[in-house]
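**Student:** Chain by chain, the residues:
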Amino acid sequence: MPYDATDTPEEVLLARYARGDALAARILSERLVPRALGFAARMLRDQAEAEDVTQEAMLRLWRMAPDWRSGEAQVGTWLYRVVANLCTDRLRRRKTVPIDTVPDPQDGAPGPVAGLIAGERAAALDAALADLPERQRQAVVLRHLEGLSNPEIAAVMDVGVEAVESLTARGKRALTARLAGRRADLGYEDEPG
Amino acid sequence: MKMNRDDDHTHDDDAALAMFLAAGRAARPDPSADLMARIVADALAEMPAPRPLSRPAPAAPPRRGVRARIAALTGGWGNLGGLVAATLVGVWIGFAAPGPLAALSAGVLGEVLGTAQTSAESVDLVNLLPDFDDFLTEG
Chain P
1 MPYDATDTPE
11 EVLLARYARG
21 DALAARILSE
31 RLVPRALGFA
41 ARMLRDQAEA
51 EDVTQEAMLR
61 LWRMAPDWRS
71 GEAQVGTWLY
81 RVVANLCTDR
91 LRRRKTVPID
101 TVPDPQDGAP
111 GPVAGLIAGE
121 RAAALDAALA
131 DLPERQRQAV
141 VLRHLEGLSN
151 PEIAAVMDVG
161 VEAVESLTAR
171 GKRALTARLA
181 GRRADLGYED
191 EPG
Chain L
1 MKMNRDDDHT
11 HDDDAALAMF
21 LAAGRAARPD
31 PSADLMARIV
41 ADALAEMPAP
51 RPLSRPAPAA
61 PPRRGVRARI
71 AALTGGWGNL
81 GGLVAATLVG
91 VWIGFAAPGP
101 LAALSAGVLG
111 EVLGTAQTSA
121 ESVDLVNLLP
131 DFDDFLTEG
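Chains as they are written, first to last, in our numbering: chain P, 1 to 193; chain L, 1 to 139.
Since the hints were derived computationally from the structure, they do not count as laboratory data. Take these hints with a grain of salt, some might be off.
As the list claims (entries may be wrong) - So the derived list for chain L, only partly shown, Cβ under 8 angstroms to chain P, looks like this: (1) Leu21; (2) Ala23; (3) Arg28; (4) Pro29; (5) Asp30; (6) Met36; (7) Ile39; (8) Leu44; (9) Met47; (10) Pro48; (11) Ala49.
Glycine included, every Cβ here is placed at the ideal spot set by N, Cα and C.
Kindly produce the complete structure, drawing on both the sequences and the hints.
**Tutor:** Here you go:
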């Protein structure tokens, strides 16, 4: 391998891709696609649509690679922004779909069983996230699930850092309220805080 | 006094939400092999043609030979060609001494020397530039 796949910055990999380095494209895909797909899946709650959005966002990255201006933006932040915009477009088109069609958490179905699988907890979180206003959901997902810093989220969402702090705070409060009824079901009451 | 909206937010709430979020992070979907293949295929289809990492150093200028230097002194091969052609014409005139040229030479030289010929070989010379003396004549 001509360079270290783990340490090479994404901007350098993108520049290498723009010079015709296929290996750089593969490494970038392995790094960026899981992040883009995770974000899109949280926003859309539809795996097929999330995959389409991820592929489209990556395609835009490939196409703009030769014109990438070094130092102006981080590749990951840029990609999150494209994914966010594509998700917003799809969510707007979905506006005609009644909110009732979004699957709700199945109240009490598993029961207060200590051995609930983590997937159900994640599903409860996803359901609660789906109820949040879109901007709050974006901010919470980027901050607490994708691990971006507030300045990075501000760049993705094209708002100020204070706005990001406000969105995440309100989003967390709303999530807490929505998940309050699920805590006992999912065994959190017995776990140490 | 403004109420802090987080006042009703308990430590337990934060801890419970943190655990939900941890479960959410752990449950991030992995991209399928098919999706990765499609994305890499897009990348390869859109990839610019390979080119070297850095621009190669410019090649050293080739050493010029003697002929090239001579050509350069005379202003290039074109000028040198003209010079050679003029030289050859001069040599040819010197050796061949064509008749009309001899008559012209005789005419010019005869007029200059005051021995104009009257033979058939002589030529009529017309002075298209009047002598300066004409302008000095009064009236």
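**Student:** Taking the hints in turn, state whether each one holds.
**Tutor:** Each hint, compared with the structure:
1. Leu21: With a closest approach of 5 angstroms, the Leu21 of chain L hint holds.
2. Ala23: holds, 4 angstroms
3. Arg28: For Arg28 of chain L, the interface hint holds, since the closest Cβ of chain P sits about 4 angstroms away, which is under 8 angstroms.
4. Pro29: This hint holds: Pro29 of chain L lies near chain P, its Cβ roughly 5 angstroms from the closest one there, short of 8 angstroms.
5. Asp30: holds, 7 angstroms
6. Met36: Constraint on Met36 of chain L satisfied, holds at 6 angstroms.
7. Ile39: This interface hint holds because 5 angstroms falls under the 8 angstroms limit.
8. Leu44: holds, 6 angstroms
9. Met47: holds, 6 angstroms
10. Pro48: With a closest approach of 6 angstroms, the Pro48 of chain L hint holds.
11. Ala49: With Cβ-Cβ at 6 angstroms, under 8 angstroms, it holds.
This entry satisfies every hint, going by the numbered hints stated previously.
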